[in-house]
Amino acid sequence: MKPKEDNLEQNISRLVKLAGDADKPSSEFVDSVMDGALDELKTPGTGAKKEKSGKTTKSKWVKGFAYAASILILVITLTLPSLKRACERKARPLMARKMAPLEYQVSNSKEVSGLNTSPQPPKRKAHFVGTPMSTNKPMALKDAKEEHKVALRVGRPEAGLIVARKLEPGKRNYPPMAHGGTTPPNGEDVDAMFFKNYGVNPFVDTEDDHLSTFATDVDTGSYTVVRRYLHDGHLPPEKAVRVEEFVNYFNYHYAAPQEDDFAVYAEAAPWSFGTGRKNSYLLRLGLKGKQVSEEYRKPAILTFVIDVSGSMRRENRLGLVKRSLRMLVERLREEDRIGIAVYGSRGRKVMDHRGLYEKGEVLGVIESLQAQGSTYAEEGIRIGYEMAEDAYKRGYINRVILCSDGVANVGRTGADDILEVIRKKAEKGITLSAIGFGMGNYNDVLLERLGDKGNGHYVYIDTIAEARRVFEDNLTGTLQVIGRDVKVQVDFNPEVVRSYRLIGYENRDVPDEKFRDDKYDGGEIGAGHSVTALYELKLWPDREGTVATTYVRYKHADTSAVTEFKSPVAVEDFNRSLDSSSSEFKLAATVAEFAEILRKSYWAKGATLDRVLERAQQLSREFEGDGDVIELVDLISKAERLMRDVEDDIFEIEEPVDVGDDEDEFLRP
Amino acid sequence: MADQSNKQDWAWISAGDADMWREFLSREIPRLYGMFMRRWPNPALAEELVQKTVFDAVRGRSSYEPTKGSGEEWIFGIARNNIRLEIRKRASRPSVDGDISGYMETIDNEPLPDEVLEQKETAAIVKAALAGLASKEQAALRAKYIEGLSARDIGRRLGVTEKAVHSLLYRARISLRRELERMAPADKKG
Chain X
1 MKPKEDNLEQ
11 NISRLVKLAG
21 DADKPSSEFV
31 DSVMDGALDE
41 LKTPGTGAKK
51 EKSGKTTKSK
61 WVKGFAYAAS
71 ILILVITLTL
81 PSLKRACERK
91 ARPLMARKMA
101 PLEYQVSNSK
111 EVSGLNTSPQ
121 PPKRKAHFVG
131 TPMSTNKPMA
141 LKDAKEEHKV
151 ALRVGRPEAG
161 LIVARKLEPG
171 KRNYPPMAHG
181 GTTPPNGEDV
191 DAMFFKNYGV
201 NPFVDTEDDH
211 LSTFATDVDT
221 GSYTVVRRYL
231 HDGHLPPEKA
241 VRVEEFVNYF
251 NYHYAAPQED
261 DFAVYAEAAP
271 WSFGTGRKNS
281 YLLRLGLKGK
291 QVSEEYRKPA
301 ILTFVIDVSG
311 SMRRENRLGL
321 VKRSLRMLVE
331 RLREEDRIGI
341 AVYGSRGRKV
351 MDHRGLYEKG
361 EVLGVIESLQ
371 AQGSTYAEEG
381 IRIGYEMAED
391 AYKRGYINRV
401 ILCSDGVANV
411 GRTGADDILE
421 VIRKKAEKGI
431 TLSAIGFGMG
441 NYNDVLLERL
451 GDKGNGHYVY
461 IDTIAEARRV
471 FEDNLTGTLQ
481 VIGRDVKVQV
491 DFNPEVVRSY
501 RLIGYENRDV
511 PDEKFRDDKY
521 DGGEIGAGHS
531 VTALYELKLW
541 PDREGTVATT
551 YVRYKHADTS
561 AVTEFKSPVA
571 VEDFNRSLDS
581 SSSEFKLAAT
591 VAEFAEILRK
601 SYWAKGATLD
611 RVLERAQQLS
621 REFEGDGDVI
631 ELVDLISKAE
641 RLMRDVEDDI
651 FEIEEPVDVG
661 DDEDEFLRP
Chain W
1 MADQSNKQDW
11 AWISAGDADM
21 WREFLSREIP
31 RLYGMFMRRW
41 PNPALAEELV
51 QKTVFDAVRG
61 RSSYEPTKGS
71 GEEWIFGIAR
81 NNIRLEIRKR
91 ASRPSVDGDI
101 SGYMETIDNE
111 PLPDEVLEQK
121 ETAAIVKAAL
131 AGLASKEQAA
141 LRAKYIEGLS
151 ARDIGRRLGV
161 TEKAVHSLLY
171 RARISLRREL
181 ERMAPADKKG
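Protein sequences, first through last, are from chains X and W.
Number 669 marks the last residue of the first sequence (this note's numbering); no jumps.
Number 190 marks the last residue of the second sequence (this note's numbering); no jumps.
I should point out that these hints are in silico values taken from the structure, not numbers from a laboratory.
It is possible that some hints are incorrect.
Derived pair list, reagent style DSS-like, types lysine-lysine, alpha-carbon separation capped at 25 Å [unchecked claim]:
# : chain 1 : residue 1 : chain 2 : residue 2
1 : W       : LYS163    : X       : LYS24
2 : X       : LYS428    : X       : LYS322
3 : X       : LYS424    : X       : LYS298
4 : X       : LYS555    : X       : LYS605
5 : X       : LYS24     : W       : LYS127
Model, not experiment: these values are computed from the prediction.
Please work from the sequences and hints to get the whole structure.
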């Protein structure tokens, strides 16, 4: 997102033009295009190469492009060594400071790169920084917990204009990047973004382990983060893609149970995805929570903890937070109560809890927030929880809502202590929603963990439309939890199923024996929320009978009474083909394929986005008018275009595992 | 469509003859602009598409083959291709409500959708809002965004310094936004 003034100016510029003479362009415009074109003529033509980006950079290239380019290139080249040193000097301590409390390790393996030293137009080619790219190969089960922590070192992406950017004294000046690739898509200086690689689940032989256990996850943050990347013309880093959060972003229209808290739905069909695997099936398990209508929602005591540190000024993050909260406040009822704490250099209480009949004042306080200082998240969160505890009432929804870009750079003790506080309060019934904003130095890992520990959830809001989805369309589900510590265990029948792999949920793994340990943390599911899990299955030929039995275990949100129920699915229930499956099933398959390819899953080897795009386009006709599906098509086509640009790079990667012809070889990684 | 008067030898296109290109572009740019405006009555978009088309043409000049048609046909082919790309881009995104009042809340932060600019009502609202501004502000906005003058030229015309033009433009943008808000109050759906 551009800074405020840029966007306003651009919008005003476009609007004012409407008041001009509609028939002909201004002579200044004609002149400037002509000047730019004639300058461009001085560089050799590029043959039949087509511009792929739909958007031209306006009028900037037009004047003196080539001259400016060659002069600036000279400047950049001459100042390169000192510039590089300056970048390193500044960037390293900054990252270290930000990460210290969280104990991240930085992989700073590549130097800042991407400098184009010829005045030719930049080649549209992706540029990968950070860790060297590798295929996201499946891990052996025992390694699955091993954490790969990655901080991406990033530069400023600017398409087309890369040579014409001025170096500003006093500001960090990263060398410009080529278009595409895994650079973050914001226009500000960028330090680091945090994503974590949880690996990819392997195929498991049913004979070795017939149980698959995981905690539910209703988060959708990963999908919206990736959407942000793609909209801005960049492929996301693989670590940013969590398949289950992609899949769970979409509505599969499971019918809500009338009496029970949850209902389970299963559907399966043959599925061919990637090369080297034959006779695969896709099994979709859907868990749907009971609907609670807005009138029956419990009253809520909400404590906002708002990050107002300097980083929130970027891209007008705080502005988006304010608009989102305004929207939420407008939707709340009079008996709901709101308190506000903020943190910058220090945490402080801004407003004691008050009822929503004083809506005007609450809105006034939200409006008055200003960003400044560093980020003492720990203190802010503590204060928020103290307030929430003081205001606590039984029978209410007691929720802390943390709005942040996740960057915590000041604090005595670090993330583990915050997480411990949050976990303890969650036991008392105060839950946490972690809402992510911003992109430049966005900390996906911390927010996801906070939401998880706080028995709440984690969403990422990139646009006002997403805020609407979370706070308006889905407010009851966002606030009212119906099941806590929800765990799912799927028991595969070794007589029928040869092997299986859980697609996604890598960071939600629960040891099989902990399924009935009610102290062991599971996921939380809000009213009307649904959770979808996908398995890829290999069946023994010509078998019949039960394929799998799904066990669901959860604590009732109010009484904490533990309930467990099961639901079997048999071979006879399988669809004959993917085409004959429900539209929703095909949608889930398409979304998973999209995510698998984006995260370069080992199992996506040989799969291409053009096929996924085709299916998605077909689906958008079946889901006529469904904005989410239409958007999915758009995102896949964007990703497909970007991937085509970087194709060469991808296929140069050495294959990490010897697959050979015998597929059984890689069923046991 | 070819220029019959002088049975042109179009070889200068790929050769990059600057004088010929200048003459060619000064003739074609207004035509292209008109063609885009007929498709989408949105000057900002038309300018963008003209730039892109011209840029595509210049950069792809070596792919031009005189045997396949005149230079005009060629550049209009590129323009049509850009129209197709634009249509495809639009088809793949959710349909947009073109009522400007739906976007007043986000006008500071997000680019307005093209659909909003293409509404007749939007042009009417903008004209009315501009008319509500102080004459100096109005003149500055028109000079800057319609005529495309530089701050220095605007300053010369209005008899003020370049710096004053920048702050005048800044104020004018804020005033215009306020006027727009008055004309098209943001619809509060919440």
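Evaluated hints:
1. W:LYS163 <-> X:LYS24: Roughly 30 Å separates the two Cα atoms, so the pair is violated.
2. X:LYS428 <-> X:LYS322: violated, 29 Å
3. X:LYS424 <-> X:LYS298: With a Cα-Cα distance of about 23 Å, the restraint between LYS424 of chain X and LYS298 of chain X holds, given a limit of 25 Å.
4. X:LYS555 <-> X:LYS605: Outside the cut-off at roughly 40 Å; violated.
5. X:LYS24 <-> W:LYS127: holds, 18 Å
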